[in-house]
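Residue numbers (our numbering), protein chains in the order written: chain R, 36 to 223; chain G, 43 to 208.
Warning: the hint list may mix true and false statements.
To be verified - Residues on chain G that point at chain R, a partial pick, calculated with CB under 10 Å:
1) Arg79
2) Leu84
3) Leu86
4) Val87
5) Arg96
6) Ser97
7) Thr99
8) Ala102
9) Pro107
10) Ala109
11) Ala114
12) Arg117
Simulated from the structure, these hints should not be mistaken for lab results.
In this text, all values refer to a predicted model and were calculated from it rather than measured experimentally.
All residues carry an ideal CB built from backbone N, CA and C; glycine is no exception.
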Amino acid sequence: MSWESIIPNVLAGDPQTLACAAPAAAMDNEQFAAFYARSARSLWAYLARVSRDPALADDLTQEAYVRFLCADHPQDGEVAARRYLFKIATNLLRDHWRRPQSSSIDEIPEEIFAAQSGEAHSDSLAMLGPAMAQMRPRDRQLLWLAYAEGYSHHEIAQITGLGSASIRILLFRARRKMAQLIRSGGEA
Amino acid sequence: MSPFTCSYERELGKALHDGRWPTACPDELRAHVSSCRSCSDLVLVTEALHASRRSATDIARLEPPGAIWWRAQLRRRNAAIEKMSRPILGAQIFALVITLVVVAGIALWQAETWSSWFTELPSVLHLDALIPSSTPQAGILWVVVPVFATIAVLSGIVVYLASEKQ
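Just chain G, with the same shape it has in the complex (with noise of 0.2 Å):
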């Protein structure tokens, strides 16, 4: 027998698991629960949460099982789609990092033409007839770009907008 046990404490557990305790017990385990603390501690707790669990699971509210059931279902399946989506949005990254890098290159080297067709551009287009005569010649291209660009981004903001409706 060690501090910590009993030598009759696996018997007596097994008779109050199985209901047996104290009516279809021998006279001898009865007669040493009534002498040993360590027994008698044991048959005192088990027996009130026995009666503990029994309230506890009258008294237990609980949620129909097809409630649960679907839960699951739709907790594996959004699981499954995150699983499945992750490799394509690796590769939507990678394609735009591969577009950005390209862009850039192409813009580095043709940065030199770009510039002098931006330079073109206001007296290609006429637009120097909307621009007052005070304002300096050079000055234009910083003007036309960022309405250009306005533009460009309210029209994707729009067609994203759009496309989100739908």
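Looking at chain R on its own, in the form it has when it is part of the complex (with noise of 0.2 Å):
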């Protein structure tokens, strides 16, 4: 094959071409359409409730779409489509964590998270958004995976990169520091 008949294929779009590029992404506009609908709200509402921050939640949750699509993403199901996207957003919300200059989500200041709270107005749950604020940035990823989104440890440990083993002790304590706050109204 001639770059001559290449290239002009690649310019057009065309799938064969674009397929050597992508080669896993085989959903057509329609499948997408339809998996976006189901998934999007819930994608959302991760990044929106673990950053605090729903206009980063709206870029990281379009940017997280669009590499998933970019991607050789996994074609066993719906559940594993899933879980392959809400890594992605993890590691893009680690990633704009370590923009600054923090080398570790934990090395984050509480102050950064704390500053954007402009949400907690629309936040229904007076005693969740306090408690939430309180939380270092894995825990919450941790809890929200885990009781908001139901998945077990070994799927957590795959979407955060985690290991396995230290989910449950990591979960524990922030179930348990979580609970103490809810029930406090928030304060430490």
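Dock chain one against chain two, each of which comes alone in its own frame, and use the hints as you go.
See below:
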């Protein structure tokens, strides 16, 4: 195959040629629209509640779907696709948090997140907002994935990249702290 | 039971996830939750997060899927073009290096011939008529060569800009 024959196909968006660049991007437009309708709200909720920044959640939701469509994502059903999507979103969040200076998600001062609490006005759960603000970002991720999304420890390990064995302990501690904060009205 | 789990946790977690808690759960489980701190924490946190999830999904601001699909297509296309142009760029760099080496080789080989040709060039073109008589003859070459070089460079820039506009 010559360059002259390949490049016009690429420029024209030829599906066969594009498949070479992204071999498993197998969803067509309608399939994607249906998948998006089923998954986008929960992904946005995850990003908005964990980041505590709805504007950031808007951006990262779009970026997560674009990367999902461009990537070699798993073909074994919607559950795996959703998990993969959450993994992309988790990595995007981590990249966002790392961007300023900190090298780890745990090194980011909580003031950054506390300052972004404009969305708390729309949060009907007055007790949960302050409690979430007190939690470390990683703990918020773990709690959300486990108890809001219902993922297993193994799935959370796949999404976050943490060790499967440590998820149980981290979740236990985060849950205990969260419960204390909710009971005390968000005051540590 | 490990220090981090309760034997009822799995059953309770499933009931919470399926929406069966508390009405569709056995009395034994309800009685346990009221006396187990770990399980009461689980109920409290899960119910709060479920409520938060419901409120967040209601206010989610989503872009139309078509726009995201289109953006992904564009990114894939650009990635494909970039992937395919990489060998072309490599070939261009290789060709440029070879050309420069050949030009340098020829320049070294023909240096003597060209030097004498350059020395005779002003008299062949009668350029000495343009140069003030006070200027030494040996220095004419150092005027002619930069003039020609400047003309060549400017011509190249003009051609480049003209082709860019088109």
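Right, here's what the structure says about each hint:
1. Arg79: holds, 8 Å
2. Leu84: holds, 7 Å
3. Leu86: holds, 5 Å
4. Val87: Holds: closest Cβ of chain R sits about 5 Å from Val87 (chain G), inside 10 Å.
5. Arg96: With a minimum Cβ separation of about 9 Å from chain R (threshold 10 Å), the hint on Arg96 (chain G) holds.
6. Ser97: Result: holds, 5 Å to nearest chain R Cβ.
7. Thr99: holds, 4 Å
8. Ala102: OK, holds: Ala102 (chain G) within 10 Å of chain R, min 4 Å.
9. Pro107: holds, 4 Å
10. Ala109: Nearest chain R Cβ about 8 Å off; hint holds.
11. Ala114: holds, 4 Å
12. Arg117: Where the cut-off is 10 Å and the nearest Cβ of chain R is about 5 Å from Arg117 (chain G), the hint holds.
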